[in-house]
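A.B. asks: Here is how the chains run, residue by residue.
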Amino acid sequence: MAVDAESVSPPLTRRDLVQRLFGVGAGALATALAAGGSVSSLVTAPPARAATPPGALPLKRKFRYGMVIDTRRCVGCRACVVACKAENKTPPGVSYTVVVEEAVANRFDDKPIFMTKPCFHCENPPCVDVCPVSATFKRERDGLVVIDYDRCIGCRYCITGCPYGARSFDFGENYAAVAGATAYAAVPSPEYGQFRARSEGSPVGNVRKCTFCLHLQDAEGRYDKAAGRWPACAKTCTGHAIFFGDFNDPESEVSKLVRERQPVRLKEELGTEPNVHYLL
Amino acid sequence: MKAKGLKLLFWASGVVLFLVGIAGWYDRLAYGHVNANYGSVVTWGLWVAAYIYFIGLSAGSFLISSLVYVFNVKRFERIGRLAVFTAVVTLFLALLSIWADLGHMTRAWHVLAYANFKSPMAWMIWLYSAYFVLLVVELWFLLRRDLVAGAATPGVKGAVYRVLALGSREASSSSASRDRRVVRVLATIGVPVAIMFHGGVGALFGVVAARPHWHSGMFPILFLLSALVSGGALLTVVTAIFQDGWRRNRDTVLALGQMVLGLLLLDVLFQASELLVAFYGGIPGHLEGLKLTMGGPFWWVFWGWQLLLGTLVPVLLLALPTRRDPRWVSAAGLLIAAGFLGVRLNIVVPGLAAEEIRGLSTAFASARMTTHYVPSASEWLLTFGVVGLGLLLFGLGEWLMPKETEMGTAGGDGDLGAFRGLESKEVDHVRA
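Protein sequences, first through last, are from chains A and B. Residue numbering for the first sequence follows this note's numbering, beginning at 1 and increasing consecutively. Residue numbering for the second sequence follows this note's numbering, beginning at 1001 and increasing consecutively.
Accuracy of the hints is not assured; some may be wrong.
[What the hints assert, rightly or not] Calculated Cβ distances over 12 Å to all of chain B for the following chain A residues:
id, residue
1, Arg72
2, Glu101
3, Lys117
4, Asp129
5, Asp170
6, Val178
7, Pro190
8, Phe195
9, His215
10, Arg261
[Claimed, not checked] Now the in silico label distances, taken between C-beta atoms and shown as ranges:
id, chain 1, residue 1, chain 2, residue 2, range
11, B, Tyr1026, A, Arg265, 54 to 62 Å
12, A, Asp218, B, Glu1274, 49 to 57 Å
13, A, Phe195, B, Leu1009, 53 to 61 Å
14, A, Gly193, B, Leu1265, 54 to 62 Å
15, B, Ile1022, A, Glu253, 52 to 60 Å
16, A, Asp150, B, Gly1282, 42 to 50 Å
17, A, Glu260, B, Tyr1280, 40 to 48 Å
Hints listed in this document are in silico derivations from the structure and should not be mistaken for laboratory results. What you are looking at is a predicted structure, and each value in this text was computed from that prediction instead of being measured. Each residue gets a CB set at the ideal place from its N, CA and C atoms; glycine is no exception.
Working from the sequences, and respecting the hints, build out all of it.
C.D. replies: This is the structure we're talking about:
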């Protein structure tokens, strides 16, 4: 075990690891567990984990990206779904954002409530905890929940663990219309800046999810709306229903909206603390 | 003649299922998951259900073997080795099933190398890897002396024994008592390991707060209990058919039947408690999965397969005077063991088939985003293949494993004296 863990966290020598493991007594370990702390950070310590439990140390995070989605501005055009497909080139059955609709009884017009639903990049993402290989994790710099396609074994436990249906499995299917010799099919997805060809394994056989288009960030991790480096769904939204920004910046649009309006988050009772808020 | 016909049927079905399974494996290996019917909503299907089914059988039969090797229950002494053998075979089948389910089969080793111990799945895999090693070593020590003795016989069997003996030649009674000590230690370590890993399989589902159908403190306990029931039921069947066992092991089969009956009733009590509390509470999310189980498109799996064939009929068979006939008892065991596949499917599928966000499965049209799940042909074929392989392995074991009475004598222990008396003919042969 010690040897295997070493290969994950190069800076740790075997002795360090053993000391860290046994230096903390079993009691401390149990307390850490009970407090929702990350035992894995003791054992595997991948550098990019920052799923800080509530009440723990303050976030050492530069950005806290999130969205505020105004359902009253949403007309249900689904341009966000299409924009996301075009940006991330997701295959059939995989959609990083969907628009669900719910009819409302006794409403004066027939308009249902539309809700566009990307990944919420939760503060306490249950999907991250259940991953047996730490292939999905919360980035330290900006809190985005991402997937390491090369480590993911495709067990799909995270899909069951996500309360919001934000994850989907890539079965290796392709759109018949573009799978052939179209130029579009030849362009790889820019996801994670990795430009993987679908014919070469991953992400086929992996779980996939919304990344807030993080491949559009600059080297410091900043987006730029004016330059078009902005999550595709928010950029394209015809009714300006999707607000995107950094909750760590008190002057950002999203911070102001959360501060001045009465947003709700889905399934608060699960303690996941989503970073996507809805205005009803 | 009749027994020979049954034996032929057993081998034939094993071979046919195994061959049919090759098609499923080919499809899985060549085309990945394209031809599987699970999606991103019901994301686990038949293979996961088969996995928890087989692994339950394994944990159950191992825990029953521990009655012999840890708790010294003389009653089941004759099936101790058979129980460990069953545990090895079913664990192997479980691992095959879940291996096929992985998106990247070649990355299975990642769980050992990059384990995230906050995940119950990582715990489970580490524990069952340890358990697998432990089981194989324990079985080897249980068989060692017979392998050494059998190595002298000419022909294929002798050659196989020579290979399996791994060079061991010691056949003295001191080596036998050493073997017993080793087995005792291994079996004692195995008990908490088996409880932890199978409780861990239950926890794997139980911890998922996103799926109210699974999210219950009862789950790990229910898994352990149902492992004991299904494992015991399978052992009843195996004991009865293995090496003509229902004639020779009548008392053991009957005793197993009574134990399984008790465990099954306890399991029913726990399940009923879970259902009653959920229905009284009436929280829609909690009820959704249960309503799907009982009144969904596959209601018959619960009412017909699981409850009628898997519970009611065997309970009657084990309670009525049929309980004194090993053939009826093993039939009841077969029904229970088969019924539990229904239980497993009804854990996995309805838990996932309830939409997490209303409207999610209709938000866009895709067969991967639907709450409706029926295993595809290739999923069935692969599972048939796993079952067929299991039958073949049991057949191989039947041929290779030393007969019970011989085993007792070879052990050189007085414990089996009573049984030896019953089988005087074979015993004389060995003692001579």
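A.B. asks: Indicate, hint by hint, whether the structure satisfies it.
C.D. replies: For each hint, the structure was consulted:
1. At roughly 18 Å, the least C-beta separation between Arg72 of chain A and chain B is larger than 12 Å, which holds for a residue marked as non-interface.
2. In this structure Glu101 of chain A is not separated from chain B by more than 12 Å, as the shortest Cβ-Cβ distance comes to only about 6 Å.
3. With 12 Å as the threshold on Cβ separation, the claim that Lys117 of chain A sits away from chain B is violated: the shortest Cβ distance comes to roughly 7 Å.
4. Taking the minimum C-beta to C-beta distance to chain B, about 5 Å, the non-interface status of Asp129 of chain A is violated against the 12 Å cut.
5. Here Asp170 of chain A does not stay apart from chain B, with its beta-carbon only about 8 Å from theirs, under the 12 Å limit.
6. For Val178 of chain A, the requirement that its beta carbon stay farther than 12 Å from each beta carbon of chain B is met, with the minimum near 16 Å.
7. Against the 12 Å criterion, Pro190 of chain A stays outside the reach of chain B, whose nearest CB is about 22 Å from its own CB.
8. Look at Phe195 of chain A: its CB is around 20 Å from the nearest CB on chain B, clear of 12 Å, so calling it non-interface holds up.
9. For His215 of chain A, the requirement that its beta carbon stay farther than 12 Å from each beta carbon of chain B is met, with the minimum near 22 Å.
10. A cut-off of 12 Å between C-beta atoms confirms that Arg261 of chain A is not in contact with chain B; the least separation is 22 Å.
11. A hinted range of 54 to 62 Å is violated for the C-beta pair Tyr1026 of chain B and Arg265 of chain A, which are about 47 Å apart.
12. The given range of 49 to 57 Å is respected by Asp218 of chain A and Glu1274 of chain B, whose C-beta atoms sit roughly 52 Å from each other.
13. Restraint check, Phe195 of chain A to Leu1009 of chain B: a C-beta distance of roughly 57 Å satisfies the suggested window 53 to 61 Å.
14. For the pair Gly193 of chain A and Leu1265 of chain B, the beta carbons lie near 59 Å from each other, so the given range of 54 to 62 Å is met.
15. For the pair Ile1022 of chain B and Glu253 of chain A, the beta carbons lie near 59 Å from each other, so the given range of 52 to 60 Å is met.
16. Asp150 of chain A and Gly1282 of chain B have their C-beta atoms about 46 Å apart, which keeps the hinted 42 to 50 Å range intact.
17. Range check, Glu260 of chain A to Tyr1280 of chain B: about 43 Å between beta-carbon atoms, so the 40 to 48 Å window is met.
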